[in-house]
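Trainee: Generate coordinates for the entire structure from the input sequences, incorporating the hints supplied.
There are 2 protein chains.
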Amino acid sequence: MTSPPKQCQFIKQEEVARGNWISLNKIHYSDPTGKERVWEAVYRTTKQSNSADAVVVLPVLRRNLKFDCVILVKQYRPPMKNYTIEFPAGLIDKGETPDKCAVRELKEETGFMGICKHISPITCLDPGVGNTSVSMVTVEIDGDTKENIEHKTNLDDGEFIEVLIVPLNQLLVKLNELSESGLSIDSRVYTYAIAQEQAKHIKPVNPDQEQIEPSISTEYLK
Amino acid sequence: MTSPPKQCQFIKQEEVARGNWISLNKIHYSDPTGKERVWEAVYRTTKQSNSADAVVVLPVLRRNLKFDCVILVKQYRPPMKNYTIEFPAGLIDKGETPDKCAVRELKEETGFMGICKHISPITCLDPGVGNTSVSMVTVEIDGDTKENIEHKTNLDDGEFIEVLIVPLNQLLVKLNELSESGLSIDSRVYTYAIAQEQAKHIKPVNPDQEQIEPSISTEYLK
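Going down the list, the protein sequences come from chains G and S. Here the first sequence stands for residues 1 to 222, numbered as in the UniProt record's numbering. Here the second sequence stands for residues 1 to 222, numbered as in the UniProt record's numbering.
Check the hints yourself; a few may be wrong.
As the list makes no split between identical chains, a pair holds if one copy fits it or if it spans any two.
Subject to a maximum C-alpha distance of 16 Å in a straight line, what follows is the list of computed EDC-like cross-link-like pairs (lysine to aspartate or glutamate) [said to hold, decoys possible]:
no., residue 1, residue 2
1, Lys74, Glu108
2, Lys35, Asp156
3, Lys74, Glu162
4, Lys6, Glu159
5, Lys6, Glu162
In case anyone wonders, no lab produced these hints; they're calculated from the structure.
Mentor: Below, the structure is given as structure tokens:
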């Protein structure tokens, strides 16, 4: 019988530098062999413990006689020195729930009023570099209501956001065009587009066919 | 006739602190009203100009009589102080193409040999905080070859990675279970799962129905 593999363990962290919003840190941890290693990491100084920092909204717009669309935002992102195409998103206010935050941010940034359909667990945005965590919230918008036909944005000071309404069945093509025009596409938006495209080609499940695959291969799961 | 809106413009950047891998910076830019603003940003010190820093691999495993699966990796991520579930990924070597990098990283991290099916344009990972850019590369794996049945990993020093093979049609449920067990799920992986799930419910296009929606609403596109 072999003993289970050792786990990596957090040891300590040192703050190297601190800005108003983010700080640069060194994380000391031990690898499974027991060796101490160092990793550089960025932290948000505004982080509230045990909750997501922000929500990312996946907004699906449904209208009579029109193809289902996804709503995206275009804005200048100083770290990229460029305009980006992203899902609507925003930091969660203190005491706010992810679903309330998603509906609020979507309304502020795009003018659309939607209904929360699904909330993800806390997910990580760029785990090799930072500890930013987000809830992905799926929001459905009835585009035929008076409020949504006349949708008006309500932006914070310093926010300059344009709204894009893209039919889901053309998303990948449109993202490629926007990228070619010089914009940066967010990797979550592009992943969403690839998955939608792939789903068109997944072989339908044959109910008569025995399912050989276990739910998750336990070969590697410890 | 109204004049077109002014654009945000990059002015200059100051390095606040520099580690071996990442640096903390202040970006000065002007907003569309001409007002100068400051934004904090993290940069990779290893960045090569005009190319993606890394690839993120979307690996689909196809096998005879088994459901299509996605291959994910579990590893300790010091910035998260936790184990994460992510797509296989890695930094692009100097002079390497994204497709070669994707096939190499997939082989090293998971042992599977795949074929590149699609390469995204350069996308951004966390554009509100940093300038990390990645190519998303879709790779298809024939799981019935001898090499892939016996897949063996070839990890770098300091890499300790476990491989997960998850049927696409159960991905969302399995990610929720993994999250409940205490792991952090990468937001791209979760977005992929949501999109796959949503695609099941998209109404089929009726070819007799006139397409009213323009390819992109130009109402907001400037």
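Trainee: The structure should be examined with respect to each hint, and the outcome stated for every one.
Mentor: Now for the hints, and whether the structure bears them out:
1. Lys74 x Glu108: within (14 Å within a copy, 37 Å between copies)
2. Lys35 x Asp156: This pair counts as between: shortest inter-copy Cα distance 15 Å, intra-copy 48 Å.
3. Lys74 x Glu162: within (5 Å within a copy, 37 Å between copies)
4. Lys6 x Glu159: between (47 Å within a copy, 13 Å between copies)
5. Lys6 x Glu162: Answer is between; shortest inter-copy Cα gap is 13 Å, intra-copy 49 Å.
Of the numbered hints given earlier, the model fails none.
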